[in-house]
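Those sequence lines, one after another, are chains A and B. For the first sequence, the working numbering assigns the number 295 to the initial residue and increments by one for each residue that follows. For the second sequence, the working numbering assigns the number 49 to the initial residue and increments by one for each residue that follows.
No lab work stands behind these hints: they were computed from the structure.
Computed, partial: chain A to chain B, Cβ under 10 Å:
{"id": "1", "residue": "L348"}
{"id": "2", "residue": "D349"}
{"id": "3", "residue": "K373"}
{"id": "4", "residue": "Y374"}
{"id": "5", "residue": "K392"}
{"id": "6", "residue": "K408"}
{"id": "7", "residue": "L432"}
{"id": "8", "residue": "S452"}
Beyond 10 Å from chain A on every Cβ pair, some chain B residues (computed):
{"id": "9", "residue": "S189"}
{"id": "10", "residue": "N281"}
{"id": "11", "residue": "T297"}
{"id": "12", "residue": "A302"}
{"id": "13", "residue": "P308"}
{"id": "14", "residue": "C343"}
{"id": "15", "residue": "A405"}
{"id": "16", "residue": "L420"}
Keep in mind the model is a prediction, meaning the values are calculated, not measured. Don't be surprised by glycine CBs; every beta carbon is placed ideally from N, CA and C.
Chain by chain, the residues:
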Amino acid sequence: MIEIKDLHKSYQMGSNSLHVLKGIDFSVKEGELVSIMGSSGSGKSTLLNILGMLDEADSGSYFLDGMPIKNLNEKVAAKYRNKFLGFIFQSFNLITYKSALDNVAMPLYYQGVKRKERLEKALHYLSKVGLADWASHLPNELSGGQKQRVAIARALASEPKVLLADEPTGALDTKTSYEVMELIQGINDEGKTILIVTHEPDIANMTKRIVNLKDGVIIDDTLVEQVKAVAHV
Amino acid sequence: MFSIERWQEIFETISKNKLRTFLTGVSVASGIFILVLLLGVGQGMQNGIAKEFEGDSTSSIWVWTRTTSVEYKGLNPGRRINLTNEDYAFINKSNESTLEHSSSRARRWGILVTYGKESGSYGIEGIYPDFQVIENEEMVSGRYVNQNDIDEQNKVAVIGNKIKRDLFKKDEEAVGEYIEINGIPFKVIGVYSDKAGEREEDRVFIPSPIAQQIFGLGPNINGLAFSLAPEENFETAVQKSEQFVEAMTTYLKAKHIIAPEDDRAIGVNNNLENAKRFYNLIFMIKAFFWWVGICTIIAGIVGVSNIMLIIVKERTKEIGIRKAIGAQPASIIGLILQEAIFVTALAGFVGLILGLALLEFAGPLVQTEFILNPSVDFNVALTTVFILIFAGALAGFFPAWRAVRIKPIVALRDE
Numbered sequence: 295m296i297e298i299k300d301l302h303k304s305y306q307m308g309s310n311s312l313h314v315l316k317g318i319d320f321s322v323k324e325g326e327l328v329s330i331m332g333s334s335g336s337g338k339s340t341l342l343n344i345l346g347m348l349d350e351a352d353s354g355s356y357f358l359d360g361m362p363i364k365n366l367n368e369k370v371a372a373k374y375r376n377k378f379l380g381f382i383f384q385s386f387n388l389i390t391y392k393s394a395l396d397n398v399a400m401p402l403y404y405q406g407v408k409r410k411e412r413l414e415k416a417l418h419y420l421s422k423v424g425l426a427d428w429a430s431h432l433p434n435e436l437s438g439g440q441k442q443r444v445a446i447a448r449a450l451a452s453e454p455k456v457l458l459a460d461e462p463t464g465a466l467d468t469k470t471s472y473e474v475m476e477l478i479q480g481i482n483d484e485g486k487t488i489l490i491v492t493h494e495p496d497i498a499n500m501t502k503r504i505v506n507l508k509d510g511v512i513i514d515d516t517l518v519e520q521v522k523a524v525a526h527v
Numbered sequence: 049m050f051s052i053e054r055w056q057e058i059f060e061t062i063s064k065n066k067l068r069t070f071l072t073g074v075s076v077a078s079g080i081f082i083l084v085l086l087l088g089v090g091q092g093m094q095n096g097i098a099k100e101f102e103g104d105s106t107s108s109i110w111v112w113t114r115t116t117s118v119e120y121k122g123l124n125p126g127r128r129i130n131l132t133n134e135d136y137a138f139i140n141k142s143n144e145s146t147l148e149h150s151s152s153r154a155r156r157w158g159i160l161v162t163y164g165k166e167s168g169s170y171g172i173e174g175i176y177p178d179f180q181v182i183e184n185e186e187m188v189s190g191r192y193v194n195q196n197d198i199d200e201q202n203k204v205a206v207i208g209n210k211i212k213r214d215l216f217k218k219d220e221e222a223v224g225e226y227i228e229i230n231g232i233p234f235k236v237i238g239v240y241s242d243k244a245g246e247r248e249e250d251r252v253f254i255p256s257p258i259a260q261q262i263f264g265l266g267p268n269i270n271g272l273a274f275s276l277a278p279e280e281n282f283e284t285a286v287q288k289s290e291q292f293v294e295a296m297t298t299y300l301k302a303k304h305i306i307a308p309e310d311d312r313a314i315g316v317n318n319n320l321e322n323a324k325r326f327y328n329l330i331f332m333i334k335a336f337f338w339w340v341g342i343c344t345i346i347a348g349i350v351g352v353s354n355i356m357l358i359i360v361k362e363r364t365k366e367i368g369i370r371k372a373i374g375a376q377p378a379s380i381i382g383l384i385l386q387e388a389i390f391v392t393a394l395a396g397f398v399g400l401i402l403g404l405a406l407l408e409f410a411g412p413l414v415q416t417e418f419i420l421n422p423s424v425d426f427n428v429a430l431t432t433v434f435i436l437i438f439a440g441a442l443a444g445f446f447p448a449w450r451a452v453r454i455k456p457i458v459a460l461r462d463e
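Start from the sequences, fold in the hints, and give me the full structure.
Pasting the structure below:
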């Protein structure tokens, strides 16, 4: 599903450049649940942004579902993002003036799905994350966990190949974190490929594979025995 | 651009951001509203002044004589010029089609007028019936001098309101009574009032031949008064009156052996020409109103630009989110611009309609001679609305363009 070879990325900080990713080789097969770990500054978020086409690598190759992701213009990048990827952010990034339902329906709007069908589909995904009763609420009327569920429903709505989650539990308490992880595990069990960036070991242990990043290189990549979140809820 | 989906999205955004929309709208609507009012009042002033000067009495031309100032054909300067009945008759005859009313004036100032024990000194003026219209005298009671009085040389007098108040008791009827002018009894046939007020109401009008008789003028007269037939077009009226004045003075100068370049001997006051000067003044006032209006619109444009900048800034994060979930750059710019254009257009038309409605309903209530039927050219107002919409779109485009070019990851970090 994801194929990365010798990926480099550096940022210009004034006169000196900061080499963040120093040759990453990495691949993810369909149906995997992978966590990318590392301390802050290890380059894990940068890697996720490049995977999410929110940022571009300096060199190296990146194939997503067999498609080369290179020198995309804004238009094509937007199309690929919409078609292949679903994003889950630490700070949820819901549109504040739209109801939960409308937020979930947004990616479908950009796919050109008609309004009626869009709202039906959105409601389906909202009920999948257990928030059908909250459809008409605005984000600020929801708790953190609920917001993240809405964000997950939104990420699922466009039926992407890969879900990218950047610290999805970073803003949540432990109990809510586990609830969210339970949801993510459930989605993965249905066959969705999911990548999670986290620095919390307990969250990482709930995935099937842990990739450890340090100073821009992968130092460790191991399959782990998945801890089911449901046991902790 | 015209997809229903996009409009639904825009209406949703508008309904969720009422204050922002309202402020943009108010800034646009007030600009257009003020412009419409200014233009309307400018037009109203023009209408008002046009009416003041297009009335019969104000299209009048007055002629009087003085002494010559230039030596001509062996005649010394300083010679007193006297117009005669013959001049009056000739001008009347040769300008029959242009003239509507005409009268000669044979007058004396400071003549003693008595009634019973009361007396005062007033101006006595010998005139023809047309003079009433030219001078725009309104009858308070009785009638004016008529052709019969001229033909039969009746000793009748029309007195001003002020004279009536001076000589007669408050409730006393003046018409039918006899007053003495220079010791000669005249029957009062009417009392007139003048819009200009008291200073124009201290004259006694009597038939011209009688005045010439009692003042011993012979065929001489002191002046002439004319009014021209009304014209559809103001410019034509001015032009015709100038032609008439030119022809008349040329004739009079030839007749009385006055040098053609001598402008002193014969005085002419052409009220239409004065009106034209007022028109120029009005033009200046209108130009000023336009200037103020355009400045208002520019202020409106700056206001809209400002709000658009803030809107885009405020929506940077939202733009980032939309991009992350697959919005194309063109779709985002389109969304912002369409919203801006929609709000500006709607507010612009609201301002336009409010302004027009105010002019329509409040216009007739304005109680002043200087403003009449304030109205505004609809096309001009419409054009302004479109300029404002265009400016709003332009003002929204650049910040939107910049926001869209920001990488989504940067926009997402924006708090």
